[in-house]
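4 protein chains.
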Amino acid sequence: MLILMTGDATREDIQRVKDKIAALGFIAHEIVGASRVAVAITGNKTKVNPDLFSMMHGVEEAVPVTKPYKLVGRAAKPENSEIDVDGETIGGQELAIIAGPCSVENWDQLIATAEVVKDAGARFLRGGAFKPRTSPYAFQGIKEEGLALLREAKLKTGLKVITEAKDVETLPAVAEVADVIQIGARNMQNFSLLEAVGDLRKPVMLKRGISATIEELLMSAEYILARGNMNVILCERGIRTFEPYTRNTLDLNAIPVIKKLSHLPIIVDPSHGIGMWDGVSAMALAGIAAGADGLMIEVHPNPEAALSDGAQSLRPDRFRELMQRVRAVAAAVDRTVAVEIA
Amino acid sequence: MLILMTGDATREDIQRVKDKIAALGFIAHEIVGASRVAVAITGNKTKVNPDLFSMMHGVEEAVPVTKPYKLVGRAAKPENSEIDVDGETIGGQELAIIAGPCSVENWDQLIATAEVVKDAGARFLRGGAFKPRTSPYAFQGIKEEGLALLREAKLKTGLKVITEAKDVETLPAVAEVADVIQIGARNMQNFSLLEAVGDLRKPVMLKRGISATIEELLMSAEYILARGNMNVILCERGIRTFEPYTRNTLDLNAIPVIKKLSHLPIIVDPSHGIGMWDGVSAMALAGIAAGADGLMIEVHPNPEAALSDGAQSLRPDRFRELMQRVRAVAAAVDRTVAVEIA
Amino acid sequence: MLILMTGDATREDIQRVKDKIAALGFIAHEIVGASRVAVAITGNKTKVNPDLFSMMHGVEEAVPVTKPYKLVGRAAKPENSEIDVDGETIGGQELAIIAGPCSVENWDQLIATAEVVKDAGARFLRGGAFKPRTSPYAFQGIKEEGLALLREAKLKTGLKVITEAKDVETLPAVAEVADVIQIGARNMQNFSLLEAVGDLRKPVMLKRGISATIEELLMSAEYILARGNMNVILCERGIRTFEPYTRNTLDLNAIPVIKKLSHLPIIVDPSHGIGMWDGVSAMALAGIAAGADGLMIEVHPNPEAALSDGAQSLRPDRFRELMQRVRAVAAAVDRTVAVEIA
Amino acid sequence: MLILMTGDATREDIQRVKDKIAALGFIAHEIVGASRVAVAITGNKTKVNPDLFSMMHGVEEAVPVTKPYKLVGRAAKPENSEIDVDGETIGGQELAIIAGPCSVENWDQLIATAEVVKDAGARFLRGGAFKPRTSPYAFQGIKEEGLALLREAKLKTGLKVITEAKDVETLPAVAEVADVIQIGARNMQNFSLLEAVGDLRKPVMLKRGISATIEELLMSAEYILARGNMNVILCERGIRTFEPYTRNTLDLNAIPVIKKLSHLPIIVDPSHGIGMWDGVSAMALAGIAAGADGLMIEVHPNPEAALSDGAQSLRPDRFRELMQRVRAVAAAVDRTVAVEIA
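Chains as they are written, first to last, in our numbering: chain A, 1 to 342; chain B, 343 to 684; chain C, 685 to 1026; chain D, 1027 to 1368.
Honestly, I wouldn't trust all of these hints.
Said to hold, decoys possible - PhoX-like mimics (lysine-lysine), calculated; alpha carbons at most 20 Å apart, straight line:
(1) A:K260 to A:K67
(2) A:K45 to D:K1071
(3) D:K1073 to D:K1093
(4) C:K886 to C:K751
(5) B:K485 to C:K729
(6) B:K387 to C:K827
(7) A:K143 to D:K1071
(8) A:K18 to A:K45
(9) D:K1180 to D:K1169
(10) B:K362 to B:K389
(11) A:K45 to A:K20
(12) A:K47 to A:K20
If you're looking for bench data, these hints aren't it; they were derived computationally from the structure. The structure displayed is predicted, hence computed values, not measured ones.
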């Protein structure tokens, strides 16, 4: 159930609605939109009678929600969410460009990449410190040491840092350094981890699982919003299909669908999505044309020597080239990108 | 085996190579590129010894081909193929815009749509006369009557006509009217039909089957080229995945992959690809940004009343709007679109 | 719409119903069950009013059918269909065992295999004469020569012959020799071919397309029944999934689902389904346990030298072993298998 | 690298090999087979030179392992693993029958179900206390209370208890009650949880993720074995495909494949696999015929009122019927099932 308040509802009107919800034993979630407030009810096992609310002062309408998610839906908040990341915005007119190595390997690799991507117009630095890997024998990241290097790179460059939290145990350490906490595709339905980041107020980037439907992605986001953290950014990174040529099948259809169903920003990760460096630029441009709010791209100064995902990482010069083309496509769809530093 | 001729090889050099291939009991296919000629050998059951050709006059190199296709591959022809369609080109710098109704229903519907799409910049009119349908009880097209209407619309508007051939029996009638013969997704591995269009010299648009790999699509194209018809245009129209929200999953990853593997032009069909009208524009723009050579879009003057595929058809005004945005994105990736007629 | 007749309806009652359907411009299909007759109406574009029939003499009920298929559904015919194949039955208590080489290669290979499989208890000989192949350069069967050998093997062994018709052109030649005409997976939605076999009265084995849903398979069968050929046998032969280890994913879930939805017999093809000889026996036994009406298995006297599908073919001795285990599992689910010839 | 010891190698021989591995800075895993011991080396970043070991006393061969897993592979242990569960065995000649409700709801429901399944021949009781659910608003289990009821049911019936651990936090509580700790499909790549159960010595049932390849399942099992817990049981429970009729597609092809690749036991869960109660029996019998080591089946005294998964749960009487048929099929493939208690 969503209680849509009128445009001129007062704080008192809103509070009375929330009190009534609490009195019924349910949970009230206040969702602040541009022109009005909505209050979502969760925690009810059965349908709530709309008449309990529709006659209250300041209430425009009490809307039963038949979709399995509420807080992430457009019904709860018609306008796009813009997520503030320590002064930078994800979901606004300017595209969020996130770039950096798959894994943080050492200071030289990290800072060289950070400076290159910053100069080309990125405002966010990605880099894995804790790396979930399919094989127990594969490189699993340099962990705490990687976090320390990310913190240093942030101080030095001013870039905001995105890095993955792989479990509840290491989440506090990650949350201390990260400006945006990434939840990886394999953890999209690790509900304990979703609840833990839901209890924080830091922005969270939630990646779609390789075989998750769009609805399941939205339901996992709902886990985070339901705990009070509204700062969620979705990320399409490729799904598993029968096609063997590409590592995954980047599903750009998800962009217009998510834009229709949800107010949350959506980022495209073409590096994992297609999984071959010479397809990354085409898919990045396509993602922007499809309406994505930004890109997450793997860049490595020396892909052949990368400890992970070298085959899909761009060299610095190719990333710069790509950014110039991103600017042109962004303009064609009325979006902007931060300027290049000559 | 591919015999790559030198840039200054003479007609006689080429003929001697072809004669030798014939003498060995194999088939020679001459592939004329911008700067040189290649001769492909097919029909050999076992490997051909390169030494048989490499010392011949005018031969630069005899290259064994390990890929399961030859004539469609970049190795056989490094530069992009531009397919001439009765004066219009598919695969050149100008994007090919193909639009029209899913099915030809009657003269008023067809001509109204044809004029609208022409004014907006389309140069090709699509419209199904013979419609393969999953159910034997569904509308199967108005058949010969539809062909007659397409011929009339072509005469009246000057648009080139693309329509589907659904079997060998009705192919001659279709081929008489169509400027481009469409082979539908369900027929992508109807090898008898592929061989029949391979024996013609008319351009053929081959749609990817809903669960065909990119390699299988290329192999089906190879069936056509191997019979001597080099005028093949590929079409990505969505694959079948686990995602239920969209009708299909338009696989734009196929665009950069096909551009890498093959010289054939590739068109994107966002209407079938995503299968919902309010996602068509996003996917059309994404297709262009990804590097496609054109678009095939379903337009209907009155989608609610369409006899097939109404839910994914654009109204004329939305198509015009889309074309303006296509022009902007095309410019951003150095492509052009025919001008709008005011 | 299905018109269910009462158990004591007379020929005249049935004829009056059929005449009324014809008078309305629709097509009547009489479906003879064990205890009563049903008459299905097809050809109607809009709903038929049940009152037109429900008051007629001998009519028990006029049932609107909301499923997209009618004649293949359990509603049309509650009891299992038993297909007579020149004296042998498919769909009865005795399992139909179909075995033989993927392709007919020569007389020695064919007759050696035929005799081995007959001795082990098979009553049907499979063998491809016309072979649809993904590559135009792959072995496409020995065609008419293969048909001639199949005819000879049939005369010599008494086995019934199953072989594939790959197009409308070669169907007459195939239909002359085959006791059961196979429609391959790639042709499951070749509707012209379905209509052509629908016009015959010979049994047809329709293989599920590699990415066809169960409903689509039933709709394709409906094409055949709607033309009057009720002798259709379905075949599950593996679907395309993300799993790379097996050639396909044999979908045994389809067996109980099809048994619930349709009265048609269903055969399992574990050879194509799993695509590796050392998995064929496990999947064959599993298919019988799941309720399939028979098996189609590739057997080759010398799999390493087979011109197609050697990797999934069983040697004669392994086939004999398998048949002994099939007998044991069949008994456990109240089915029988023809006896072994010592 | 695997060091295969000779049949008559002494404890000293084995210890010397393990000491040398430790001296190189790697980890030695002793794998005790029926007739000889193998020692696997993990923790090496680069290839280990076989010559370092092949000349040592008691070493038969030093085998480089190219597969991405080692300890779970047949190369490491040719004979089947039999997992001891507090006196019962999983992986032996007798099939392991696991049955019970999807979720533990209350004492009456649990004990009624437990007694019914025990009488029918089950030796293991399943029941979820902590339930990971796609929606944050769905029933998530009765948690600690459920564990307490499971403990009581175990004392009362003597059945061994299998229940799911959904995160590292609640693992200790689950491990105290469970005889087998279940890792659910969504957590198959929750590597922190895998490592945590790898540090225990209790049997673990690892369910295949809905889009996990067989190799990925084996790699996840390798995480557990690599920490020293060899007591792993795999479980096939259905994969995600394009087919909409069934909830999942139970992939029985995985049974012969896993039996070929690994020595670990494999259980089939037809309830989740096909997701409709009237298909469960067919798939259960098929699983046994395919070679599975047991079944996990949802049984509920009143499926319509179940708090989760009612649509796929069997009533007690249908479960009893199924067990009788399981006994017959088991006998046909040389397996046994515990007797029914009249």
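Quick rundown of the hints versus the structure:
1. A:K260 to A:K67: 13 Å, holds
2. A:K45 to D:K1071: Status violated; Cα separation ~52 Å.
3. D:K1073 to D:K1093: Between K1073 of chain D and K1093 of chain D the Cα gap is close to 13 Å, so the pair holds against 20 Å.
4. C:K886 to C:K751: 27 Å, violated
5. B:K485 to C:K729: Roughly 17 Å separates the two Cα atoms, so the pair holds.
6. B:K387 to C:K827: 18 Å, holds
7. A:K143 to D:K1071: 18 Å, holds
8. A:K18 to A:K45: Holds, at about 18 Å.
9. D:K1180 to D:K1169: Cα-Cα ~17 Å, so holds.
10. B:K362 to B:K389: 15 Å, holds
11. A:K45 to A:K20: 17 Å, holds
12. A:K47 to A:K20: Holds: K47 of chain A and K20 of chain A sit about 15 Å apart, inside 20 Å.
The structure shown violates the earlier hints numbered 2 and 4.
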